[in-house]
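Those protein sequences? They're chains A and B, same order as listed.
Just so you know, my numbering puts 325 at position 314 of the first sequence, and the rest follows in order with no gaps.
Just so you know, my numbering puts 140 at position 68 of the second sequence, and the rest follows in order with no gaps.
Some hints here could point you the wrong way.
[Unchecked claim] What follows is a set of in silico ranges between Cβ atoms, one per label pair, in the way DEER data are often shown:
1) B:Ala96 <-> A:Phe403: 15 to 23 angstroms
2) A:Met220 <-> B:Ser105: 41 to 49 angstroms
3) B:Ala104 <-> A:Met220: 16 to 24 angstroms
4) A:Gly434 <-> B:His119: 30 to 38 angstroms
5) B:Ile132 <-> A:Pro491: 34 to 42 angstroms
6) A:Arg32 <-> B:Asp122: 34 to 42 angstroms
7) B:Asp122 <-> A:Ala483: 22 to 30 angstroms
8) B:Leu123 <-> A:Ala420: 16 to 24 angstroms
Since the hints were made in silico from the structure, they are not lab data.
Keep in mind that this is a model prediction, so the values were computed, not measured.
For glycine and all other residues, C-beta sits at the position ideal for the given N, C-alpha and C.
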Amino acid sequence: MDTDYQRRVFDYTSATARGGRHPVVVVGAGPVGLATAVDLAQNGVPTVLLDDDDRLAHGSRAICFSKRTLEIFDRLGCGERMAAKGVRWHVGRVFHRDQEVYSFDLLPETGHARPAFVNLQQYYVEGYLHERAQQLPQLDLRWRSKVTGLARHAGHVALTVNTPDGDYVLEAAYVVAADGGKSTMRAMLGLESHGRTFRDRFLIADVRMTADFPAERWFWFDPPFHPGQSVLLHRQPDNLWRIDFQLGWDADPELEKSPERVIPRIQALLGPDARFELEWVSVYTFRCLRMNAFRHGRVLFAGDAAHGVSPFGARGANSGVQDADNLAWKLRLVVEGKAPDSLLDTYAREREAAADENILHSTRATDFITPKGAASRLFRDAVLQLARDQPFARRLVNSGRLSTPSIYADSVLNTPDSAHFEGAMHPGAPATDAPLAQDGRPDWLLRQTGNGFTGVYAAGSGHDAKVFAAMAALAGDAIPVRIVVVAPAGQGGPGMLEDSVGLFAARYDAAPGSLYLLRPDQHLCARWRVFDVEAVRAAVARASGNDLTAAEPTRRQQPMEHA
Amino acid sequence: MSAKLNVEPNMADPDAFYALLVDAHQDLDEEASSMLNAQLILLLSNHIGDLDVLREALAIAHGNMNGEVQV
Numbered sequence: 012m013d014t015d016y017q018r019r020v021f022d023y024t025s026a027t028a029r030g031g032r033h034p035v036v037v038v039g040a041g042p043v044g045l046a047t048a049v050d051l052a053q054n055g056v057p058t059v060l061l062d063d064d065d066r067l068a069h070g071s072r073a074i075c076f077s078k079r080t081l082e083i084f085d086r087l088g089c090g091e092r093m094a095a096k097g098v099r100w101h102v103g104r105v106f107h108r109d110q111e112v113y114s115f116d117l118l119p120e121t122g123h124a125r126p127a128f129v130n131l132q133q134y135y136v137e138g139y140l141h142e143r144a145q146q147l148p149q150l151d152l153r154w155r156s157k158v159t160g161l162a163r164h165a166g167h168v169a170l171t172v173n174t175p176d177g178d179y180v181l182e183a184a185y186v187v188a189a190d191g192g193k194s195t196m197r198a199m200l201g202l203e204s205h206g207r208t209f210r211d212r213f214l215i216a217d218v219r220m221t222a223d224f225p226a227e228r229w230f231w232f233d234p235p236f237h238p239g240q241s242v243l244l245h246r247q248p249d250n251l252w253r254i255d256f257q258l259g260w261d262a263d264p265e266l267e268k269s270p271e272r273v274i275p276r277i278q279a280l281l282g283p284d285a286r287f288e289l290e291w292v293s294v295y296t297f298r299c300l301r302m303n304a305f306r307h308g309r310v311l312f313a314g315d316a317a318h319g320v321s322p323f324g325a326r327g328a329n330s331g332v333q334d335a336d337n338l339a340w341k342l343r344l345v346v347e348g349k350a351p352d353s354l355l356d357t358y359a360r361e362r363e364a365a366a367d368e369n370i371l372h373s374t375r376a377t378d379f380i381t382p383k384g385a386a387s388r389l390f391r392d393a394v395l396q397l398a399r400d401q402p403f404a405r406r407l408v409n410s411g412r413l414s415t416p417s418i419y420a421d422s423v424l425n426t427p428d429s430a431h432f433e434g435a436m437h438p439g440a441p442a443t444d445a446p447l448a449q450d451g452r453p454d455w456l457l458r459q460t461g462n463g464f465t466g467v468y469a470a471g472s473g474h475d476a477k478v479f480a481a482m483a484a485l486a487g488d489a490i491p492v493r494i495v496v497v498a499p500a501g502q503g504g505p506g507m508l509e510d511s512v513g514l515f516a517a518r519y520d521a522a523p524g525s526l527y528l529l530r531p532d533q534h535l536c537a538r539w540r541v542f543d544v545e546a547v548r549a550a551v552a553r554a555s556g557n558d559l560t561a562a563e564p565t566r567r568q569q570p571m572e573h574a
Numbered sequence: 073m074s075a076k077l078n079v080e081p082n083m084a085d086p087d088a089f090y091a092l093l094v095d096a097h098q099d100l101d102e103e104a105s106s107m108l109n110a111q112l113i114l115l116l117s118n119h120i121g122d123l124d125v126l127r128e129a130l131a132i133a134h135g136n137m138n139g140e141v142q143v
C-alpha cells in the first residue's frame, strides 16, 4: 500500500541547537531543494534544509520526469522507486481536429536502464526524496521554518528563520535558494526574473478513472470536443489522468475551476457515459523567464526560483533537478576546501545556458500552441493542415519539445579533445547509459559512475597494466578518481565490468585503451586514447576549478540587476 | 552577407508562373487565399531547406515593408 503523500503532515521539531554556522543551508523542500540536500548529505556535507510549510506538493503538479532526471535520482538512491511507480511512456501523438497528424518515439533505441519518461505525481517524487533524506544523518530537515530575513556578510550569510517557536538566526557559508517561482529569497535580495508572459490560460484537471487510453502523450489542436483550443492528455499512476485544456486569455480563472464548468469539458472528451472523479483542478498562466544571474555571492538560485518555462516540454522540474545535479558536487568541493569558490561561477554559467536553451524551446512551443497574432495562427494552422499528408510539415508541429539534458559544450571545466572520437558523446555531455555485466550479472554504466570523479577505462590494450598500477594512486588523491574498467564481452577479469552487448564501445567510440573522465554529475569532462596519469590529474584540476585562473584570466563581474 | 539567394531571373516562363499564382487565388476568399499562401511558403521553404537562403529572402521582403511593420 502506498503512502498517501498528499495527506502527510510533517511535525515541526523544536531543535536544541538550531542556530550556529553551517556549511550549506538549502531553502525550499520541493524536488530541487530535496535533491540538492540529499546529494550534499549523502556525499558527506552537513546540510540544513528549510521549508516554510509542513506538507509535500499539493496536487500532481510536475508529472513528467525524464530519463536524465531518473538517472540523477538513481545516483541519489531513490531512482528505482520513481521508475517502478511511474507510468513509462515514450510515444507522443498529435491530433488536429479529428485526425492524427504526427507521432514520435522519444527512445527508439534499447540499452538504457531508464525509459525516456515516466509520469509521476510531484508528491510521489517529493515523498520518495523525503524518505531518502530521512536515511541521511547529515541532512537536517526543518519544516515550518520560513526565512524572513537575509543578511550577506563577507564570510557567510545570516538567515532569520521564523518558526512556531519564534525567530532564530542561522548562519551559512553558502545558501541554495530553491524556494520556487515566487521565491522570497529572490525578493529579499531585491532581484527579479525577466522574460515573457503569455496571454493564455490553461485548465489542469486530474481525473481518476479506469480508461483504456494507452500510456502515451496525446495532444490535440482544435479537437471537436474543445474547438479552437488545444488539449493534452497524460496518464499518471493510480488510474489518474492529467487533462490540460487551453482556455484562452479571456477565461475567468475562478469560474473555470468550478466543477460545473470542468465536468462538461471532461465529458466532451471522454463521452457522456464516462465515470470519473475530479481529483485536482487548477487554472494557470505561465511565463518564460529567468534571473540574470543564478549566483549572487554566497546565495545560489536553483529551479523555478532561478528560471521558469511553460509546461509544454516538461522542462521545469527536470531542469531544476539538473540544476541540483550540477550544483551539489561543486558546493561540496568548495566547502571541503578542495576547490576555489570560483567553481561555483561555473554552476551559474552552465545552468544559465541550460535555462536559455529550455526557455528557447519552451517559447517556441508556446508560440505554436498559443499563436501571438493572426499571421502566426495562420502559419500554425497551415502547418497542421499540411502535416496530415506531408512528412516535412510534421517536423514543424510543435506541441512541446520534450526535455533533454543540456550539454555543457563550452564549459571551462572541459579538457578539449586531443584525439578524434566519433559519435554523440562530446565533452560536456551527460554520460549516455550502456548495459554492462559484472560477474555475469547485468549492470549499467551509469550505476557505476557519479558522486565522485570516475574514469571509465576501455580495457584490452597494451596500456591496461599501466592503468591498473595507477588506480590506487588516483583513488587516494585529494579529489579522488575511481577507475571503472570495462572489458569487451567475455574478456573481463576480476573486478572488471564487461561490455556485454558492445553498446559502451559503440556509444563512446571506446577503442581499447580509451579513458573517459566523468564529473561527479556524470557529465563527460575529458577523454583520451592513451592513458596518462598526469593528464587525468590535470583534467580533474581543470574540472574542479583548480586551474580556472589559467583557463580564464578575467573573472566575470556580477551583472547588476534592478529591483 | 554571403548572397546565396538567387535573385537573378531563374524562370523559363515568368508570365506563365505569374498567371498560375494569380489563378490559384481566383475563387478564394481572403481567408482561403491567406491559407494558400501560407501553405505555399511552407512547401517552398522546405524545398529550399537552407536557413541562410530563407533568412535572406525574409530580410529582403521585410525591408520592402518601409518600416511599417514591426518585427
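Hints, one by one, checked against the model:
1. For the pair Ala96 (chain B) and Phe403 (chain A), the beta carbons lie near 20 angstroms from each other, so the given range of 15 to 23 angstroms is met.
2. The supplied range of 41 to 49 angstroms is met by Met220 (chain A) and Ser105 (chain B), whose beta-carbon atoms lie about 45 angstroms from each other.
3. Judged by the Cβ atoms, the range 16 to 24 angstroms given for Ala104 (chain B) and Met220 (chain A) is violated: they are separated by roughly 41 angstroms.
4. At about 31 angstroms, the beta-carbon gap between Gly434 (chain A) and His119 (chain B) stays in the expected band of 30 to 38 angstroms.
5. A C-beta distance of roughly 60 angstroms is found between Ile132 (chain B) and Pro491 (chain A), which places it outside the suggested range of 34 to 42 angstroms.
6. Distance hint for Arg32 (chain A) and Asp122 (chain B): a CB-CB separation of about 60 angstroms, inconsistent with the stated range 34 to 42 angstroms.
7. The hint said 22 to 30 angstroms for the Cβ distance between Asp122 (chain B) and Ala483 (chain A), and at roughly 55 angstroms that hint is violated.
8. Judged by the Cβ atoms, the range 16 to 24 angstroms given for Leu123 (chain B) and Ala420 (chain A) holds: they are separated by roughly 20 angstroms.
Violated hints, in rising order: 3, 5, 6, 7; the structure is consistent with all others.
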